[in-house]
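Q: Chain by chain, the residues:
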Amino acid sequence: MTAISAKGLSKYYQTVKALDDLNLEIPENTVFGFLGPNGAGKTTTVKLLSGFAHPTAGEAWVAGEKVGDGNLALKAKIGLLPDVPAFYDWMSGRDFLNFIGELHSLPPAEIKKRTAELLELVELTKYGNRRVGGYSRGMRQRLGIAQALVNRPKVLFLDEPTSALDPMGRRDVLNLILRLRENTTIFMSSHILSDIERVCNMVGIVNKGKLITVDSVEGLQKKYARSIFEMEFIEDAARFVESLKQIPWLAEPAVVMDNGTPKITVRAVDIERGRKELPRLISESGLTLTRYEMTMPSIEEIFVEILTNGEKK
Amino acid sequence: MKGFAPLFKKEIREQLKLYRLVIVGSIFLFFGLSAPLTLKYLPDLLKMAGEQGMVIQLPAPTAAQSFASFAGNIGQLGALIAVLVAMGSIANELKSGTAIMTLSKPVNRSAFVISKLLAVSLTFLISMVVSSLVCLAYTVWLIQGTAILPYLGLNLMLGLFLVFCLAVTVLFSSLYKSSLAAGGIAFGVIIVQGIISALPVVGKYMPGKILDWGTGLLTESDKSYWWALGITIAAIGLCIYFSQRFLKNRDL
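Just so you know, the sequences run in chain order A and B.
Just so it is clear: in the first sequence, position 228 is 227 by numbering that gives the first Met the number 0, and no numbers are missing.
Just so it is clear: in the second sequence, position 32 is 31 by numbering that gives the first Met the number 0, and no numbers are missing.
Just chain A, with the same shape it has in the complex:
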């Protein structure tokens, strides 16, 4: 089942294309990471998909509902954490969650229970009766996540959920997202690449309003895999390195020290041949292999490559 679908979704501000022809299908229970530099169109996309901006062209469906401002059924099925969550500072955290529960027309007993659960989940129980005006940035972010979960949303939009947090706060929020992904589809925009790599199983990269690529994290890593192989042996492998230098489809074999351990790196000129033939060469060398790896690029490296060189065909 598709949780989020967009067809030709575009948003122009006069001549500026904030989002241009977005076509996207996100299956249910996916944590979708929407990556892009500042001003790429991430927040615009979140606003369009949650019904807070009017598209110049195109249409979208979220949780089976057509996206449009007047569609209250859509709002009952989604949760939204804006990039800078704002609250009524005179309310306490508990008051605010109760208020959101009332807006979702939950019965009073359910509101009380859900508020207590969510304060516990975001570790704000101790501060639940304190005025939101006195909350730190991290506490506000966590309260923002809690308010987005009051209605147990089918689709959760998180716009830069970790940008304002310290390392501990970031870790807590990411752990929370990992727990939620069991029964919620999460659309998470961010420019913190390590966060996306940690929690997302599908990634979209956007730049200058254009969606450049969409794939699973593994798919992207395979697609952008570099032809570098790394090996470690128990014995001295100097003679093996010398033998690799004679092979025409390999280049730059070298021994590099990695935390005091000698590591052999070699680049395959022909990556497919390297994948097939290198294990055979290692086997024939008679050395005892302790590690063999074709190095995978991080999402950060893929992101930089895509933004610099465009998508790999």
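Please note that a few of the clues may not be correct.
[Claimed, not checked] Label-pair distances were calculated between CB atoms; the ranges are:
(1) A:122 with B:176: 30 to 40 Å
(2) A:136 with B:200: 55 to 65 Å
(3) B:76 with A:122: 21 to 31 Å
(4) B:219 with A:106: 48 to 58 Å
(5) A:6 with B:247: 19 to 29 Å
(6) A:0 with B:8: 31 to 41 Å
(7) B:247 with A:112: 54 to 64 Å
(8) B:188 with A:122: 48 to 58 Å
[To be verified] Counterexamples of contact, computed for chain B against chain A with all Cβ distances above 12 Å:
(9) 39
(10) 46
(11) 58
(12) 101
(13) 106
(14) 190
(15) 214
(16) 220
(17) 237
[Said to hold, decoys possible] Far from chain A by the CB rule (all over 12 Å, computed), these chain B residues:
(18) 6
(19) 43
(20) 48
(21) 132
(22) 194
(23) 204
(24) 212
(25) 251
For the record, the hints were derived by calculation from the structure and aren't laboratory data.
Note that this is a predicted model, so its numbers are computed, not measured.
Where a beta carbon is used, it is the ideal one built from N, C-alpha and C, also for glycine.
Following the hints, put chain B in place on chain A, whose structure we already have.
A: Positioned in the frame of chain A, the structure of chain B alone reads:
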């Protein structure tokens, strides 16, 4: 109007928590007290301030004068206070981002607008009722002679005019993210309609004319301005309608 009840409850709590009722109530109470007190004690004050031997003859104050003075304060300064209090009602929420937090839930934008207008109107109407009762009590006590029904009519007109001022301000508050811009334009509109209401022919259609009708009741004037009354009520409705339309059409 899905979401109206919790939104209205929140707005009422906000009026109390941010001391709006206390502040508006105190200012209106001052208006209610000052009108009869000033009228009653003005001759004594002038006598004390004047030179020895100087005689200033003032006619004996009447209840109608006291009520008209009260109406003048509410109609002018009350309108200004209404603009100041309501100008940020939606604009501040749009600017701070609380509007997006609330409107991302299953609530109608009309419920959002109406709950705000109703809550702030209640603050002003309660303040007005209390101050007008105080004005009435002091007038009866100090000046004597009163006509309850004309005074009631005057207060109805004053209340309606204040709601009109609030509705106009809420309208512009939904249009601009700057509360100063919203307040400035709303105040301008109220001033302009006030000026037009003094003109012949078109004046009788302006909301400001209902204040003349109200004060006219005190002097048993038989002039009525039904058109102005109808247009004021219609304008309040139109302000609500266009506020929610503006909110619907804008990107948050």
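Q: Tell me, in ascending order, the numbers of any earlier hints that this structure violates.
A: 3, 7, 12, 13, 18, 25
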